Amino acid sequence: MLVGMDPTTSSPPPPAVAAADVVVRRGGVTVLDGVGLAVRPGEVVALLGPNGAGKTTFVECLEGYQRPDTGRIDVLGRNPWRAPAAWRARIGAVLQDCRIDSELSVAEIVTMTRGYYPDALTTQDALDLVGLAPLAKRRVSRLSGGERRRLEIALALIGRPDFVVLDEPTTGFDPEARRSLWKVLAGLRRAGTTMLLTTHLLDEVEELADRVVLLVRGRVHRTGTVEELRSTSGLPDRVGCVAPEMDSAPDLPSVLESWRDRDNGRWTFTTNEPGRTVQELQEYANERRIGLVDVTVRSPSFEDVYLDLLAHREEASP
Amino acid sequence: MSPASANRTEGASRAGRAQPPGALPTFAHQIRYDLLSQVRNPAAMFFSLGLPLIFLVTFTLIGGDWAETAGYYTPATMTIAIVTGTMTNLAITLSYLREYGQLKRLQLLPVPRSALLGSRMAAACVLALAGVAVVAVFSAAVYDTTPEQPGRLAAAILLLGVAGSVLGVALTAVIPSENAASPIANALVLPLLMISGGFFPLDGAPEWVRTVSSLLPLEPGLSAAVDAYRGACSWSDIGYAALVTGAWTAATAALGVRFFSWTPRHRR
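Sequence lines, in order, name chains A and B. Position 61 of the first sequence, counting from 1, maps to 61 under the working numbering, and the rest follow consecutively. Position 185 of the second sequence, counting from 1, maps to 185 under the working numbering, and the rest follow consecutively.
Since the hints were made in silico from the structure, they are not lab data. Given the structure is predicted, the values throughout are model-derived calculations rather than measurements. Among the hints, a few may not be true.
[Stated by the list, open to error] If you want a taste of the chain B side facing chain A, the calculated C-beta under 10 Å gives, among others:
{"id": "1", "residue": "R32"}
{"id": "2", "residue": "Q38"}
{"id": "3", "residue": "Y100"}
{"id": "4", "residue": "A180"}
[As the list claims (entries may be wrong)] From the structure, some residues in chain B lie toward chain A, with a derived Cβ separation under 10 Å:
{"id": "5", "residue": "R40"}
{"id": "6", "residue": "A44"}
{"id": "7", "residue": "G101"}
Think of the CB as a built atom: it goes at the ideal place given N, C-alpha and C, for glycine as much as any other residue.
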């Protein structure tokens, strides 16, 4: 199955990534089972899935580390397996299982790496990009985990790649560093860089991804934008409040389910008509002279949607 | 982090960009950084420069007659320096780099991997040769011992350096993890040096031991180095060393090409 292609569009640009019916078997286990994916130039696609879904294997096929048993993969017009050096100059990757270590300084390792590329950023620009300029003279061996990850990102981007693979790029980042990286990646997107992102941080997906591909047991389970997945999930909205005098769940017509958190005493009501539920709740409280505090309404989070999709994978999987 | 810098990554159609550098420019670019890394690594400096000197002083002290003992142990210690500086050093550092995904990252670079690996081997060799030079200078200054045939000594040492580098790279194929690298490398290299006469002369060893030893990769080179110091090394001795060590090197290189891994054995 090839997802992401729109057959109604007239002469669309060739996809930056096109994978069709990719099958990978390792040690008698089918890791990827007919995966297809098309990524448009400049698009940011988040590849999600539980542990063992085949995300890293698929990413490694796109990078040319692994060769599919069957199926076809094109990245920037070439088969990544045994692609030439000029192709690799257009690829940037932050690998999940790489921990950079060296007795070189940060500036030295960046300068060393830029020497591999024909059209690289300057060392200063690369350091500015990830906020490591103040640490330029520090030895890599003395960087923290998050700083090393930022350095890996600088090294991945230094060749001004057309296609970037980010395999859990913000591992070890503090919240401030994560948001800074989001801004950098948003800048790259505006510049037309195609990106494939794998992460378990769903707020990162909401912030960065144009489209989500959910991989389950080596197959593409669902695909769409965050909003499409959210709107088609059928998950109800949630109304919450604190009402210390309310000892039992009120029987409100618009409420689907209700429960009280044992730890903080907060009530939660699931509903498809949140406005009506708030009104019914207010009337209920007024009639009984119960005080309502901190009434909130929220749509299902993307995490709710993601977990719901995984919970229903058995029935949806072919 | 600076989004403004991200915009600098913009380019016109980057598909038509210039070609990345080839093998020779990559090697020339890389070796400076590999040497810098080695020199700044305290462990590499100690094992390449400090330890051979400690061996030389200790062996000579135990041996009694300094001048005579130094005549044997100076070239023997040079052999230890060049072999541990290449074979042990490369087996350990490449296993570490492999298991931490750094070799894997090199595969995605647009330059020849062979140039990067060659640079790493050359840097280890240069540092080991510095260790050899330290031993030579120390021995000349303290024991008044200098080689009678410096050209043949240099040939024997270079031969061992090349062999040690290739054996070290190939050895990583049987090292499963970074923790196992040092024990496995030392468990192989130290007995090999011992049976080749690196730690004591083999004159009193049984004939079959000397026969077996002469067929191993290090002994012919080590014997040639010892004889070159005494002025008793012929070019045919160097030729024999080149034949035996070269055969081992070629066979090991073939195995290395087949079994060397750029990717970690274990996922983290």
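Each hint tested on the structure:
1. R32: holds, 8 Å
2. Q38: For Q38 (chain B), the interface hint holds, since the closest Cβ of chain A sits about 8 Å away, which is under 10 Å.
3. Y100: Holds. Min distance 5 Å.
4. A180: violated, 18 Å
5. R40: At about 4 Å, which falls below the 10 Å cut-off, the nearest Cβ of chain A leaves the hint on R40 (chain B) intact, so it holds.
6. A44: Status holds, d = 9 Å.
7. G101: holds, 3 Å
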